[in-house]
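Asks: Listed below are the residues making up each chain.
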Amino acid sequence: HLATSLPLPSERDHLRPRIDLIAFMIDIKSKYSLKNVEASLDHVDASFFLGKVCFLVTGVGRVNNCSVDMNAIWKLGEVYCSPVLFCELELEGIRVATAQRLLRMLQICAGHIPGVSALSFGSLMRNSADD
Amino acid sequence: MDETVAEYIRRTVLKIPRDEIKAMLQKWGFLSESQLQTINFHQIKENISQEVVQLCEENSADIKQAAVLDIIYNHIYPNKRVWSVYQMNKTAEETEFFDLTDFKKKFKRRLRSALKNITINFREYEDNAIWIRIAWGTPYTKPNQYKTSYVVYHSQTPYVFISASVLKSNLPLLCQALVLASNYHDIREMELRSHSLNSLKDIVFKRYSQNFQTHYPRPLQERNVAPENADLRIIQENRSEKERIQRVNREVFGDGPQPKLEFAQYRLETMFKSDPKMDVLDKKEPFRCLVKFSSPHLLESLKSLAPAGMADAPLSPLLTCIPQKARNYFKIREKKGVFPESFVSP
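Chains as they are written, first to last, in our numbering: chain D, 1 to 131; chain P, 1 to 346.
Among the hints, a few may not be true.
Result set (EDC-like, lysine to aspartate or glutamate): computed pairs, CA atoms no more than 20 Å apart in a straight line [what the hints assert, rightly or not]:
| id | chain 1 | residue 1 | chain 2 | residue 2 |
| --- | --- | --- | --- | --- |
| 1 | P | 325 | P | 231 |
| 2 | P | 45 | P | 57 |
| 3 | D | 75 | D | 38 |
| 4 | P | 15 | P | 46 |
| 5 | P | 104 | P | 124 |
| 6 | D | 29 | P | 312 |
| 7 | P | 22 | P | 2 |
| 8 | P | 242 | D | 92 |
| 9 | P | 116 | P | 127 |
| 10 | P | 242 | D | 13 |
| 11 | P | 206 | P | 191 |
| 12 | P | 325 | P | 191 |
| 13 | D | 31 | P | 312 |
| 14 | P | 206 | P | 312 |
| 15 | D | 35 | P | 312 |
Restraint-style ranges between C-beta atoms, simulated for each label pair [what the hints assert, rightly or not]:
| id | chain 1 | residue 1 | chain 2 | residue 2 | range |
| --- | --- | --- | --- | --- | --- |
| 16 | D | 62 | P | 89 | 30 to 38 Å |
| 17 | D | 67 | P | 289 | 39 to 47 Å |
| 18 | P | 124 | D | 3 | 39 to 47 Å |
| 19 | D | 96 | P | 256 | 33 to 41 Å |
| 20 | D | 63 | P | 79 | 28 to 36 Å |
| 21 | D | 93 | P | 301 | 25 to 33 Å |
| 22 | D | 42 | P | 255 | 36 to 44 Å |
| 23 | P | 241 | D | 42 | 16 to 24 Å |
Bear in mind the hints are in silico, worked out from the structure with no lab data behind them.
Quick reminder that beta carbons are idealized off the backbone N, C-alpha and C, glycines included.
Isolated chain D (complex conformation) (with noise of 0.2 Å):
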């Protein structure tokens, strides 16, 4: 399902099923991608921070048209406990091996992979990401 803020439109309610993940997109080349993520957040309940939320930061390739801060991206992977991955979404490549990446997590988050919670992935990713 794709929606470009949150909350979602209430209309739609009775037809969505479970959500297992929710990716946040961030645009590098946008500081209004980040305050939109940064307001919708406010709109995600507590137990989705548990494993169920990643940030997906979109755009990196083009390092001059950076207009988002670095740090603040982190601060946020931080504050709310979820992974951060970063992608390019002109390159096919890369494209094609960060959906890999989300469909695993999703895999995961929905629990058809036997002997891995979201919970204790998403502590794995922190802390690989921490060394």
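Got chain D; can you put chain P on it based on the hints?
Replies: Positioned in the frame of chain D, the structure of chain P alone reads:
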């Protein structure tokens, strides 16, 4: 043949893209078909231009004929120049029959009486457009063929498109001559400028697709939204908002291609509004500020802002009024009254 004329022809030919040179020379018609056959159009332009000059030498070309080649070049490539739009008006009610010969005679006479050293050429085109090329000199120097002004006048309309070039001081004289020759009373600059002559014509002749005010809401038109989303597994949560944006955008901009403008400039002379406690600018003078939008195609980029999620729809009327008001240079002043809002001055 005068060597300045030879040099001018040589430089004009060099401007033309190599593949177009033959066609343009044929349009010019100064060199015969058999002469054109002798030119090798596959060599480098430098050599082509030399051969053309040689042939022009044989035919004893003068500056008037060389100027015609320049007009043809500028007619095919008008976008290399910046054009401003002027509107003439007259108080007389009856529409007088336009006499081309009379126009040309009066125009030349007015200019020549003020300035002896001047080259004037006319060329008429099928869409009632009269192209005028003017090379300006001074009382002491011959006309500078490289610093020319161009005028495009559609005789059935009050509009004149002028590409003035660097010599702005001759502009009042040019305007005066136009008014006199066309039997109008005065002329004013319209604050509308662009490289694209055709787009300027589209705007003033209202040839672009305009938005139509709907008095009742149209049913949602799915045909434009659906094709983008062929994969049914992707569900757009904000579909109704996306459709609203498309509808509003279409109402404002219409369906067709937008006229091509490169700039919009807003000169603000409004008061700086701050928190009264901050007491900034206590002199209460207008805060002068210039806002300039530039783009290879300004109106198309404005049209794509809301669908791209970069601006809210509808856009500010200051931006969307550009084609209707036929201007892209604005002065915005404070509105005097109970509600201090800015308004656009004429």
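Asks: Does the Cβ distance between residue 93(D) and residue 301(P) fall inside 25 to 33 Å?
Replies: Since the Cβ atoms of residue 93(D) and residue 301(P) sit about 30 Å apart, the hinted range of 25 to 33 Å holds.
Asks: Does residue 312(P) sit within 20 Å of residue 206(P), going by the straight-line distance between their CA atoms?
Replies: With a Cα-Cα distance of about 27 Å, the restraint between residue 206(P) and residue 312(P) is violated, given a limit of 20 Å.
Asks: Would you mind confirming whether the straight-line C-alpha gap from residue 242(P) to residue 92(D) stays at or under 20 Å?
Replies: 26 Å, violated
Asks: Between residue 124(P) and residue 3(D), does the beta-carbon spacing fit 39 to 47 Å?
Replies: Hint violated: Cβ distance 59 Å, outside 39 to 47 Å.
Asks: Hinted pair, alpha-carbon criterion (20 Å max): residue 116(P), residue 127(P). Please report holds or violated.
Replies: Violated: residue 116(P) and residue 127(P) sit about 32 Å apart, past 20 Å.
Asks: Next pair to validate is residue 29(D) with residue 312(P); report whether the Cα-Cα distance is within 20 Å.
Replies: Holds, at about 18 Å.
Asks: Regarding the pair residue 35(D) and residue 312(P), is the alpha-carbon distance no greater than 20 Å?
Replies: 15 Å, holds
Asks: Is the gap between the beta carbons of residue 241(P) and residue 42(D) within 16 to 24 Å?
Replies: 19 Å, holds
Asks: Quickly compare the C-alpha distance for residue 206(P) and residue 191(P) to 20 Å and report which way the hint goes.
Replies: 17 Å, holds
Asks: Between the beta carbons of residue 62(D) and residue 89(P), is the distance compatible with 30 to 38 Å?
Replies: About 51 Å separates the Cβ atoms of residue 62(D) and residue 89(P), which means 30 to 38 Å is violated.
Asks: Given the hinted pair residue 325(P) and residue 191(P), is their alpha-carbon gap at most 20 Å?
Replies: 10 Å, holds
Asks: CA of residue 31(D) to CA of residue 312(P), is that 20 Å or under?
Replies: Cα-Cα ~15 Å, so holds.
Hint violations for this structure: numbers 1, 7, 8, 9, 14, 16, 17 and 18, all remaining hints satisfied.
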